[in-house]
Amino acid sequence: MDTKTTAMEIKTDEYRIGYDPESSMVSCQGSLRLGGDEYKSITEWLEQIADANPAKIVLNLRQLEFLNSSGISMLSKFVIKVRHKKNIEMVVQGSNEIPWQGKSLKNLQRLMPSLSLEWY
Amino acid sequence: MTQIFGDFNEGLPISQEFLMIGFSPSSIPLKQRWRNNGLSADFMADYLMTFVLSDDSTVSKYQQSEIKSAISYIANELLENAMKFNDEKVQHPISIRLQLYANSLLFMTTNTIPPDRVPEFQHFLQELTASDPTEMYIRQIEKNAEDEDSTASGLGFLTMMSDYLAKLGWKFETVQKDPEAIAVTTMVQLPVKLNLIC
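Protein sequences appear in the order of chains A and B.
Its first residue numbered 1235, the first sequence is counted upward by one per residue in the working numbering.
Its first residue numbered 3, the second sequence is counted upward by one per residue in the working numbering.
Simulated from the structure, these hints should not be mistaken for laboratory data.
Treat the numbers as computed from the prediction; the structure is a model and nothing was measured.
One or more of the hints may lead you astray.
When the alpha-carbon atoms are kept at most 30 Å apart in a straight line, the in silico DSSO-like pairs for lysine-lysine are as follows [stated by the list, open to error]:
| no. | chain 1 | residue 1 | chain 2 | residue 2 |
| --- | --- | --- | --- | --- |
| 1 | B | K70 | A | K1337 |
| 2 | A | K1274 | B | K195 |
| 3 | A | K1337 | A | K1319 |
| 4 | B | K195 | B | K173 |
| 5 | B | K86 | A | K1320 |
| 6 | B | K145 | A | K1315 |
| 7 | B | K91 | B | K173 |
| 8 | B | K86 | A | K1245 |
If we strip away everything but chain A, and leave its shape as in the complex, we get (with noise of 0.2 Å):
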């Protein structure tokens, strides 16, 4: 029972979040360090993706500079609503050249066993 999600894009001048749906891409790029309450409305439209199952999800990092624990915690939600619809096959891809990716996002397979992570 597929739902359509339709693409959408926030743009500001620190970073970007989009999503495609003919990709079932997620894509965030640039430095985010909002502050904890600001994330809510992206973890609602993030929670929207899931909620409409598509067969994949594809959290594209390779771009992302900067997360703040905000921010990990507002991706670690989402991983664990994915987690919870059980026939989601999760994919997260992160850059062998942005340090912090490569201490923290193992952090999301932890909470999520067979989300795979492939490192560009």
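On the provided structure of chain A, position chain B as indicated by the hints.
Showing chain B alone in chain A's frame:
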């Protein structure tokens, strides 16, 4: 009153090389100066890199970007916490200090905290210092996910300990009696493998 939690090392020699930034918190609303946290953190990271021996062949470009990214992450988290918890009723500056040692970096932030929030925070610190940080991190994330309204609680500290292998400590001090004002200093020791000029 002085209370210590975790690895708060007061015996460290004073480093000759340090960078300190101070903020007068009440001057601009929190939301407007939020962006300043990231700018200050990035500046501290950029500034420190001038002390790294760049012609040292044992230090790869990746190691350099790793240390820069770690400073930026830790300084930003410390500043965000300091700004979030600071007691707005008290005229006491918020400060962040970065000290360089040959094999480690030391971060220290000082801010005030409303006295009625101290017990809850200290209770959290007791749990944090007695737990395995990786396990507690997963536990907190799962707890946050169940509660729609919760925002990351202590995740900054937990990632520093679990992902960056930093040692953390806290000191609470009464800085004013009437009305009561309490300052908390957070100390983060980050081991680094770089040869620093200091």
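field: Violations among the numbered hints, reported as their numbers in ascending order
entry: 2, 5
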